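**Student:** Residues per chain, in single letters:
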Amino acid sequence: MRYRSLRAIRTDIAAGNTSCSDLVRFYLQNIQDNAHLNAFLEVFADEALTQAEAVDAKIRNGSAGKLAGMVIGLKDVLAYKDHTLQSSSQILNGFKSLFTGTAVQRLLNEDAIIIGRQNCDEFAMGASNENSSFGNVLNAADNSKVPGGSSGGSAVAVQADLCFASIGSDTGGSVRQPAAFCGVVGLKPTYSRISRYGLVAYASSFDQIGTLTHSVEDAALLLEVMAGADEFDSTASQREVPAYSQHLEVSGKKKIGYIKDTLESPGLQPEVKAAMENAIEALKAEGHTVEAVDFPYLAYMVPTYYILTTAEASSNLSRFDGVKYGHRSEQATDLNSLYKKSRAEGFGEEVQRRIMLGTFVLSASYYDAYYTKAQKVRRLIKEKTDELLSRFDFLILPTAPTTAFSIGENAKDPLAMYLADIFTVQASLAGVPAISVPAGTDATNLPIGLQLIGRSFEEQELFAFSKYLTDNILVST
Amino acid sequence: MESAIRDKYQAVIGLEVHAQLLTESKAYSSDSTEYGTLPNTNLSVITLGHPGTLPRINKKVVEMAVKMGLATNCQITENNVYARKNYFYPDLPKGYQITQDKTPICTKGYIEVKNNEGEEKRIGITRIHMEEDAGKSMHLAGETETLVDFNRAGVPLIEIVSEPDIRDSDEAYAYLTQIKKLVQYLDICDGNMEEGSLRCDANISVMLKGATKFGTKVEVKNMNSFRNVQRAIEHEIERQIEILENGGEIDSQTRNFDANTGSTTAMRSKETLNDYRYFPEPDLPPLVVSEAWIARIKEDMPHLPQYLHQKFTEEFELPEYDAQVLTDSKEIALFFEEICEHTNKYKAASNWMMGPIKSYLNELTLHIDDFPLTPNQIAGLIEMVEKGKVNYNAASKQIFPHLLEYPGKSPLEAADDLHLLQSTDENALQEIITAVVASNPAKVAEYKAGKQSLLGMFMGDVMKKTQGKADPKIANELLRKTLENA
Chain V
1 MRYRSLRAIR
11 TDIAAGNTSC
21 SDLVRFYLQN
31 IQDNAHLNAF
41 LEVFADEALT
51 QAEAVDAKIR
61 NGSAGKLAGM
71 VIGLKDVLAY
81 KDHTLQSSSQ
91 ILNGFKSLFT
101 GTAVQRLLNE
111 DAIIIGRQNC
121 DEFAMGASNE
131 NSSFGNVLNA
141 ADNSKVPGGS
151 SGGSAVAVQA
161 DLCFASIGSD
171 TGGSVRQPAA
181 FCGVVGLKPT
191 YSRISRYGLV
201 AYASSFDQIG
211 TLTHSVEDAA
221 LLLEVMAGAD
231 EFDSTASQRE
241 VPAYSQHLEV
251 SGKKKIGYIK
261 DTLESPGLQP
271 EVKAAMENAI
281 EALKAEGHTV
291 EAVDFPYLAY
301 MVPTYYILTT
311 AEASSNLSRF
321 DGVKYGHRSE
331 QATDLNSLYK
341 KSRAEGFGEE
351 VQRRIMLGTF
361 VLSASYYDAY
371 YTKAQKVRRL
381 IKEKTDELLS
391 RFDFLILPTA
401 PTTAFSIGEN
411 AKDPLAMYLA
421 DIFTVQASLA
431 GVPAISVPAG
441 TDATNLPIGL
451 QLIGRSFEEQ
461 ELFAFSKYLT
471 DNILVST
Chain B
1 MESAIRDKYQ
11 AVIGLEVHAQ
21 LLTESKAYSS
31 DSTEYGTLPN
41 TNLSVITLGH
51 PGTLPRINKK
61 VVEMAVKMGL
71 ATNCQITENN
81 VYARKNYFYP
91 DLPKGYQITQ
101 DKTPICTKGY
111 IEVKNNEGEE
121 KRIGITRIHM
131 EEDAGKSMHL
141 AGETETLVDF
151 NRAGVPLIEI
161 VSEPDIRDSD
171 EAYAYLTQIK
181 KLVQYLDICD
191 GNMEEGSLRC
201 DANISVMLKG
211 ATKFGTKVEV
221 KNMNSFRNVQ
231 RAIEHEIERQ
241 IEILENGGEI
251 DSQTRNFDAN
261 TGSTTAMRSK
271 ETLNDYRYFP
281 EPDLPPLVVS
291 EAWIARIKED
301 MPHLPQYLHQ
311 KFTEEFELPE
321 YDAQVLTDSK
331 EIALFFEEIC
341 EHTNKYKAAS
351 NWMMGPIKSY
361 LNELTLHIDD
371 FPLTPNQIAG
381 LIEMVEKGKV
391 NYNAASKQIF
401 PHLLEYPGKS
411 PLEAADDLHL
421 LQSTDENALQ
431 EIITAVVASN
441 PAKVAEYKAG
451 KQSLLGMFMG
461 DVMKKTQGKA
471 DPKIANELLR
481 KTLENA
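Each protein sequence line maps, in turn, to chains V and B.
Following the UniProt record's numbering, the numbering of the first sequence begins with 1 at its first residue and continues without gaps.
Following the UniProt record's numbering, the numbering of the second sequence begins with 1 at its first residue and continues without gaps.
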């Protein structure tokens with residue numbers, strides 16, 4: 001039952017060896033047996049079984065959709081009609097979504113089975129899943145380690161076979177970094193490739209729905225289903241969506257760049273560095289060109305990212321005010337105290353920190369010094385990244401400087417925690433697609449992830465090459 | 001206040017007008033904008049700003065804003081960026097308003113109004129930008145709780161900001177009248193200030209005459225009629241002069257106008273002003289208003305009062321006064337213009353509009369849209385008078401009221417009902433009968449010899465010649481007389 005690709009599932013279903021109902025029961029049992037991992041906030045057991053029966057019937061009569069056989073978990077930031085939507089926050093206590101977001105609806109249309117709602121950092125803000133108001137999620141490889149974040153529950157759920165695939169969201173690495181920490185494949189598509197309608201906003205100009213899967217091929221299939229224009233998101237790209245999963249062969253030799261400083265970085269764990277070096281050597285050995293490049297803005301990436309994302313977050317989270325839905329303080333005596341107390345009680349520490357930071361950088365006296373400047377730096381980073389991608393087919397870099405760290409290790413030091421994003425924010429700032437693939441383990445058997453960055457809207461090439469990297473290069477290192 | 005003191009000072013006034021646009025759906029969602037429905041019925045998850053929702057641009061809003069810009073001689077901005085204006089209020093569902101900040105869709109325009117000396121005066125339009133309305137907080141009498149109705153939340157507005165070019169309350173009144181006229185002509189806002197679809201804030205300061213530096217300005221809000229804008233400005237000018245005369249300083253404030261007392265009271269100091277933290281709205285792509293789009297919008301624009309005024313005075317050669325009155329309201333102007341498609345007696349048409357028609361509408365407090373007669377019928381009345389069939393008095397005092405009672409009839413039928421056409425008709429009929437009789441001397445002789453049955457043949461000829469329009473009774477009588485006298 002520990003399937004690693006939908007293809008294998010479909011083969012077994014066709015052979016009569018398993019069924020969607022069997023799979024759902026298997027995952028439900030696993031979720032129950034691994035409740036201590038705290039990956040799921042809610043399990044839709046009955047619904048999933050009912051859905052499974054319906055999909056099994058469709059498979060039998062030959063009318064099943066592309067995702068039939070896929071049992072999927074949703075990060076608690078995705079709107080699913082009549083289901084609780086809470087972003088792992090107390091401020092949304094009791095809130096049920098009145099609509100299904102575009103991406104989730106497209107999954108359902110292709111017969112994906114939704115098994116539950118997954119734990120994450122509150123409002124997707126965090127790199128360790130320690131900011132959930134529903135408690136930590138544990139890394140299945142080592143329960144004393146964090147799973148990464150913010151899509152921590154989603155990564156662990158795939159890692160520990162609690163579901164087949166997860167849909168997460170990635171604002172600055174929230175899919176890729178936990179994927180690396182948990183040894184699964186994490187995809188952040190080009191900004192605007194998937195409609196954000198139904199995704200609870202953290203930082204709108206960065207947010208993208210992403211996937212956590214065992215295989216590159218299934219990431220490709222999921223993107224193929226979810227991507228594309230949407231009348232409910234006017235920022236969503238109108239570009240046609242290729243059948244990514246059908247064209248995963250690499251042709252010819254590629255040019256790959258890596259940023260020199262990422263390997264010189266003092267915080268880089270030796271085994272992660274070794275994984276990078278091995279991959280580079282193996283690629284060269286296969287006849288690909290791999291070159292070191294300079295990237296002058298490395299030091300500015302994390303500050304730029306935090307100024308812009310917190311600015312947008314401070315505005316996006318204003319709607320949670322205790323007036324219309326969710327948590328309302330019982331201690332409120334007038335309008336101002338209703339706002340202050342509801343928000344102080346409802347938001348966790350990290351969310352409050354980012355709202356305050358964002359409010360500060362947007363305030364009239366500091367606007368130009370921070371927000372305006374950060375926007376300019378973002379443009380420089382994007383231009384430089386695009387320029388590199390015009391010379392190279394891909395950029396390769398570690399997904400995170402270290403493997404999963406211990407629970408509590410960085411919790412008291414927000415800056416140390418923010419620096420864990422150093423390698424993932426580049427693709428987010430530039431809006432380009434990036435994927436994290438497993439690249440072995442460290443001495444303590446914790447997964448290492450390597451990241452490939454591709455050109456805007458060239459997910460097709462990115463999938464093909466990362467599949468090649470996974471199947472042919474990383475296995476030998 | 002003594003006029004000697006008052007005359008030492010010059011007021012400087014700028015107006016900010018919010019016009020609620022007449023779109024069917026909201027600015028950033030497809031929810032209905034219908035007015036007067038039950039509270040919280042014109043809603044969706046988008047209006048309510050539920051987590052995961054995103055705004056969508058309503059193109060009609062853009063088109064209406066561009067129309068207003070073109071009508072006020074503005075430049076239209078090609079690359080528009082939407083912005084968020086952040087503040088907390090219970091009737092603001094998202095915690096921010098989607099508006100425009102650095103790139104208003106229209107800039108650097110002007111309109112012309114007549115000042116007290118009767119001269120054309122140009123008042124600059126700084127900017128026009130698009131935004132969304134908030135909901136309404138309702139404080140019910142005797143209740144401690146505040147209720148919120150989100151029906152209005154997301155209804156599109158344009159804000160029209162004038163330069164501080166206005167110098168007294170009469171100019172402010174003239175400016176507002178012109179703005180209201182324009183939005184009504186363009187059919188983008190109903191212009192109803194009492195219902196809040198047109199709202200005005202005034203920025204007012206005073207300085208010594210001849211000074212070059214403006215005084216400290218005060219913003220006055222909550223005026224629900226043009227008259228009240230005038231009163232508020234008058235009051236504020238005197239209040240500020242009094243402070244300055246007594247050696248005081250003007251506080252930069254927002255003040256509230258109280259229509260009952262005609263005075264203003266301080267609402268909040270500008271020092272504690274909200275920091276709205278404007279930044280580009282990341283949920284909406286930049287909006288490009290292309291030359292081609294502007295051209296299409298232009299094609300779709302109705303004639304504006306300036307155009308009609310010029311047409312009425314130059315082409316129709318009407319007096320200035322007539323043109324002014326006729327273009328006051330778009331519907332009156334268009335009704336008049338249509339009368340003039342059926343008659344070229346333009347001055348007579350103008351007299352009919354300003355006389356009998358206006359009196360009738362005023363008496364019943366009707367709008368021209370509810371006027372039961374068509375422009376064609378009015379033109380018919382005018383033509384009847386011009387051709388001498390009836391006199392003006394009979395037309396306006398008898399036929400017009402009769403037509404109002406039987407709006408299905410033609411003016412001729414109405415005149416006929418009232419026997420007002422008889423004299424001219426009988427003359428015409430007599431001519432026909434005389435001709436018929438004269439053309440048949442043989443039959444006349446037979447008739448006269450006693451063959452009475454020939455009368456029917458003569459009648460047939462008469463009816464044929466009159467195409468059946470002659471009254472048979474009258475025709476019969478006249479025919480007998482004519483035959484006897486032949």
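Source of the hints: derived by calculation from the structure; they are not laboratory data.
For clarity, every value in this text was computed on a predicted model and none was experimentally measured.
Check each hint, because a few of them may be wrong.
[To be verified] Think about it this way: if two alpha-carbon atoms lie no more than 30 Å apart in a straight line, the pair counts; the simulated DSSO-like pairs of lysine-lysine are:
(1) V:K382 to B:K85
(2) V:K376 to B:K85
(3) B:K464 to V:K81
(4) V:K96 to B:K85
(5) V:K382 to V:K273
(6) V:K376 to B:K108
(7) V:K340 to B:K85
(8) B:K387 to B:K298
(9) B:K464 to V:K324
(10) B:K209 to V:K340
(11) V:K273 to V:K284
(12) B:K59 to B:K387
(13) V:K341 to B:K481
(14) B:K464 to B:K481
(15) B:K209 to B:K8
(16) B:K108 to V:K373
(17) V:K81 to B:K387
(18) V:K341 to B:K464
(19) B:K85 to V:K373
(20) B:K136 to B:K102
(21) B:K465 to V:K96
(22) V:K382 to B:K102
(23) V:K324 to B:K221
(24) B:K136 to V:K324
(25) B:K114 to B:K85
[Claimed, not checked] Reference listing, derived: stretches of chain V covered by chain B, where coverage requires no fewer than 3 residues with Cβ under 8 Å from a Cβ of chain B:
(26) 82–95
(27) 208–218
Glycine included, each C-beta is placed from N, C-alpha and C at the ideal position.
**Student:** It remains to establish, for every hint, whether it holds in the given structure.
**Tutor:** Hints versus structure:
At most 30 Å may separate the alpha-carbon atoms for a hinted pair to count; V:K382 and B:K85 meet this at roughly 27 Å. Proximity of V:K376 to B:K85 is assessed by CA-CA distance (about 21 Å); at most 30 Å being required, the pair is judged to hold. Using a Cα cut-off of 30 Å, the hinted pair B:K464 and V:K81 is violated, with the two alpha carbons roughly 79 Å apart. Between the alpha carbons of V:K96 and B:K85 the distance comes to roughly 28 Å, so the proposed pair stays at or under 30 Å and holds.
Under the criterion of a C-alpha separation no larger than 30 Å, the hint pairing V:K382 with V:K273 is consistent with the structure, at around 25 Å. Between the alpha carbons of V:K376 and B:K108 the distance comes to roughly 28 Å, so the proposed pair stays at or under 30 Å and holds. Proximity of V:K340 to B:K85 is assessed by CA-CA distance (about 20 Å); at most 30 Å being required, the pair is judged to hold. Restraint check for B:K387 and B:K298: the C-alpha separation of about 41 Å exceeds 30 Å, so the hint is violated.
For the given pair, B:K464 sits about 81 Å from V:K324 by alpha-carbon distance, which is inconsistent with the 30 Å threshold. Taking the CA atoms of B:K209 and V:K340, the gap is about 49 Å. The hint is violated against a cut of 30 Å. A hinted pair counts as satisfied when its Cα atoms are at most 30 Å apart, and V:K273 with V:K284 qualifies at roughly 17 Å. Pair hint B:K59 plus B:K387 does not hold up; C-alpha atoms about 52 Å apart against a cutoff of 30 Å.
Distance restraint check for V:K341 and B:K481: the Cα-Cα separation of roughly 105 Å exceeds the 30 Å cut-off, and the hinted pair is therefore not satisfied. Note on B:K464 and B:K481: the hinted pairing holds, with a Cα-Cα distance of about 19 Å set against a maximum of 30 Å. Our distance criterion of 30 Å between C-alpha atoms is met by B:K209 and B:K8, whose separation comes to about 6 Å. Of the pairs offered as hints, the one joining B:K108 and V:K373 holds, with about 29 Å between alpha carbons and a cut-off of 30 Å not exceeded.
A hinted pair counts as satisfied when its Cα atoms are at most 30 Å apart, and V:K81 with B:K387 does not qualify at roughly 74 Å. A C-alpha spacing of about 94 Å is found between V:K341 and B:K464, which places the hinted pair above 30 Å, so the restraint is violated. Restraint check: the Cα-Cα separation between B:K85 and V:K373 comes to about 20 Å, which is no more than 30 Å; the hinted pair holds. A hinted pair counts as satisfied when its Cα atoms are at most 30 Å apart, and B:K136 with B:K102 qualifies at roughly 27 Å.
Of the supplied pair hints, the one linking B:K465 and V:K96 is violated, its CA atoms being roughly 84 Å apart against a limit of 30 Å. Note on V:K382 and B:K102: the hinted pairing holds, with a Cα-Cα distance of about 23 Å set against a maximum of 30 Å. Taking the CA atoms of V:K324 and B:K221, the gap is about 28 Å. The hint holds against a cut of 30 Å. This hinted pair checks out: B:K136 and V:K324 have alpha carbons roughly 14 Å apart, not beyond 30 Å.
Among the hinted pairs, B:K114 with B:K85 is inconsistent with the structure: their alpha-carbon atoms are about 36 Å apart, more than 30 Å. Beta-carbon proximity to chain B at under 8 Å applies to 4 residues in the region 82–95 of chain V; the threshold of 3 is reached and the given coverage holds. Proximity of the region 208–218 of chain V to chain B, defined as three or more residues with a beta carbon under 8 Å from a beta carbon of that chain, is not established by the 0 residues found.
Of the hints listed earlier, those the structure fails to meet are numbers 3, 8, 9, 10, 12, 13, 17, 18, 21, 25, 27, in rising order.
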